[in-house]
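Heads up: the sequence lines are chains F and S, in that order.
Numbering-wise (this note's numbering), the first sequence opens with residue 1 and increments by one.
Numbering-wise (this note's numbering), the second sequence opens with residue 1 and increments by one.
There may be inaccurate statements among the hints.
To be verified - Distance condition first, Cα-Cα at most 25 Å in a straight line; then the derived PhoX-like pairs of lysine-lysine:
no.	chain 1	residue 1	chain 2	residue 2
1	S	K107	S	K58
2	F	K71	F	K51
3	F	K44	S	K68
4	S	K42	S	K71
5	S	K68	S	K58
6	S	K71	F	K27
7	F	K44	S	K22
8	F	K27	S	K42
9	S	K107	S	K22
10	S	K107	F	K44
11	S	K42	F	K44
12	S	K107	S	K68
13	F	K51	F	K62
14	F	K62	S	K107
15	S	K71	S	K22
16	S	K58	S	K71
17	S	K68	S	K57
18	F	K27	F	K51
Keep in mind that the hints were calculated from the coordinates and are not lab data.
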Amino acid sequence: NAGVMQNPRHLVRRRGQEARLRCSPMKGHSHVYWYRQLPEEGLKFMVYLQKENIIDESGMPKERFSAEFPKEGPSILRIQQVVRGDSAAYFCASSPAVGTQYFGPGTRLTVL
Amino acid sequence: GENVEQHPSTLSVQEGDSAVIKCTYSDSASNYFPWYKQELGKRPQLIIDIRSNVGEKKDQRIAVTLNKTAKHFSLHITETQPEDSAVYFCAASQKGGGGADGLTFGKGTHLIIQP
Numbered sequence: 001n002a003g004v005m006q007n008p009r010h011l012v013r014r015r016g017q018e019a020r021l022r023c024s025p026m027k028g029h030s031h032v033y034w035y036r037q038l039p040e041e042g043l044k045f046m047v048y049l050q051k052e053n054i055i056d057e058s059g060m061p062k063e064r065f066s067a068e069f070p071k072e073g074p075s076i077l078r079i080q081q082v083v084r085g086d087s088a089a090y091f092c093a094s095s096p097a098v099g100t101q102y103f104g105p106g107t108r109l110t111v112l
Numbered sequence: 001g002e003n004v005e006q007h008p009s010t011l012s013v014q015e016g017d018s019a020v021i022k023c024t025y026s027d028s029a030s031n032y033f034p035w036y037k038q039e040l041g042k043r044p045q046l047i048i049d050i051r052s053n054v055g056e057k058k059d060q061r062i063a064v065t066l067n068k069t070a071k072h073f074s075l076h077i078t079e080t081q082p083e084d085s086a087v088y089f090c091a092a093s094q095k096g097g098g099g100a101d102g103l104t105f106g107k108g109t110h111l112i113i114q115p
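Next up, chain S with everything else stripped away, as it sits in the complex (with noise of 0.2 Å):
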C-alpha cells in the first residue's frame, strides 16, 4: 500500500518568513495530493490539492509543487501570519480525487508562527 512520509515534524519560522513542508509517497500510481490544515480541536480543512497532471498550483500565500518522478510535493506559505499556526497535514490517493479512494496521510507538521 501507499506510505506518505512527511517533514519536518515541527517547524517555528518568525512572522513575515515563508514556510515549507516536504512529503515523499511510495506508490507511483498515486495522482491526487491534498493539504489539510487542522488547528487544536478542530476538524482537517482543505486548504490546497494538486493532481498529478500539474507541476505547480498557488493560491494566494500558499503553493503546493509536485515532482513525480522523484515522488515527492511540498507545501510552501509566504509572508506567514499568526493564524497560519497549526498542524498541517500532506495526503495521497490514487483516484486522481479522492472521490473514490481512502487518502494515506502523512503524520503532520506542527507549524508555529513567532511573533
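Chain F with its partners taken away, still in its complex shape (with noise of 0.2 Å):
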C-alpha cells in the first residue's frame, strides 16, 4: 500500500511565476490536508478538503492560494503570483473519515 505521494519534490520559480503542487493520498484515504514549514519552525494547517469539498479553509491566505481535490486525479494546491516569502516545505496529509493523518515527502518550493 503506497504511501502519500507528493510531486514534484522540488520546486523552483521566479516572483510572479505559478507554483502547482500535487498530493495523492493514501489508498482508502478520502480526506486530504496541506500544511506549510517554515525553515526551523512547525507545522501550519493551511486547508482541509475532501473529495470535490473544501471542508476547512481557515489557515488559508485569501490571496493567492487556492486548493482543489477533485473527483479524479489528485488534490492540488495553486500559488499564483509567488513571492519570496513563499519559499517553504508543502506537506500534504491524508487520513480515513475518522483517523491518523498520515504526511507526504513534501513539496521544497523556492522562489527566486
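Join these two chains into a complex; the hints should help.
Right, dumping it as C-alpha cells:
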C-alpha cells in the first residue's frame, strides 16, 4: 500500500510565476490536508478537503492561494504570483474518515 | 482558535538517559493529541497519539501522558538511542482522531542524543 505521494519534491519558481503542488492520498483515504513549514518552524495548517469539497480553509491566505481535490486525480495546491515569502516546505497529509493523518514527503518550494 | 506551546525548543541528553518534552494547549475542546518525529529533510512520522478518554499510553520506549484539567501533555522517551535524534512535534485536534480537523502543531523540540 503506497503512502501519501507528493510531486514535485522540489520546485523552483521566479517571483510572479505560478506554483502547482500535487498530492495523492493513501489508498482508501478520502480526507486531504495541506500544511506549510517554514525553516526551523512547526507545521501550519492551511486547508482541509474531501473529494470535490473544501471543508476548512481557515489557515490559507485569502489571496493567491487555492486548493482543490477533484473527483478524479490528485489534490492540487496552487499558488499564483509567487513571492519570496512563499518559499517553504509544503506537506500534504491524508486520513480515512476518522483516523490518523499520514504525511507525504513534502514539496520544497524555492522562489528566486 | 487552538494554540499549542511546546518546551524545550532544544533538548540534549546522554545516550541511555530519558527525555521528556512538554506541551500545553489552550482549547478545552481538543481531544486528540498526536506526536510526530521529523528527521532532517524528511516527512513527519507519527510515533504515538493519545485521546482524551485516557491519561497515559505506552509503546515500548515511548509514552505519552495527558492531563486534561491542566491542559498539558508530555512525551517520554526512555533508554534513548542515537536514532532518536530528530525534531519532535506535538499537535492537538478537536475531532477525536484527526479525521475531520486540521492539526495545530507546537513549534518543535530538537532532541540531540549525545554518545
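A quick look at each hint next to the structure:
Restraint check for K107 (chain S) and K58 (chain S): the C-alpha separation of about 23 Å stays at or below 25 Å, so the hint holds. Distance restraint check for K71 (chain F) and K51 (chain F): the Cα-Cα separation of roughly 6 Å lies within the 25 Å cut-off, and the hinted pair is therefore satisfied. This hinted pair checks out: K44 (chain F) and K68 (chain S) have alpha carbons roughly 24 Å apart, not beyond 25 Å. Between K42 (chain S) and K71 (chain S), the direct Cα distance comes to roughly 30 Å. Violation of the 25 Å bound is thereby established for this hinted pair.
Only pairs whose Cα atoms come within 25 Å are accepted, and K68 (chain S) paired with K58 (chain S) is accepted, the gap being roughly 18 Å. Distance check on the hinted pair: K71 (chain S) and K27 (chain F) sit about 35 Å apart at the alpha-carbon level, beyond 25 Å; violated. For a cut-off of 25 Å, the pair hint linking K44 (chain F) to K22 (chain S) stands: about 19 Å separates their Cα positions. Simply put, K27 (chain F) and K42 (chain S) have alpha-carbon atoms about 21 Å apart, close enough for the 25 Å limit, and the pair holds.
At most 25 Å may separate the alpha-carbon atoms for a hinted pair to count; K107 (chain S) and K22 (chain S) meet this at roughly 12 Å. Proximity of K107 (chain S) to K44 (chain F) is assessed by CA-CA distance (about 10 Å); at most 25 Å being required, the pair is judged to hold. Only pairs whose Cα atoms come within 25 Å are accepted, and K42 (chain S) paired with K44 (chain F) is accepted, the gap being roughly 16 Å. For the given pair, K107 (chain S) sits about 21 Å from K68 (chain S) by alpha-carbon distance, which is consistent with the 25 Å threshold.
Between K51 (chain F) and K62 (chain F) the CA atoms are separated by roughly 21 Å; this keeps the pair inside 25 Å, and the hint holds. For the hint pairing K62 (chain F) with K107 (chain S), the CA-to-CA distance comes to about 24 Å; that is within 25 Å, so the pair holds. Under the criterion of a C-alpha separation no larger than 25 Å, the hint pairing K71 (chain S) with K22 (chain S) is consistent with the structure, at around 11 Å. Between K58 (chain S) and K71 (chain S), the direct Cα distance comes to roughly 19 Å. Compliance with the 25 Å bound is thereby established for this hinted pair.
Taking the CA atoms of K68 (chain S) and K57 (chain S), the gap is near 14 Å; set against the 25 Å cutoff, the hint holds. Distance hint between K27 (chain F) and K51 (chain F) is fulfilled; the C-alpha atoms sit about 13 Å from each other, no more than 25 Å.
Going through the hint list in order, the structure does not satisfy hints 4, 6.
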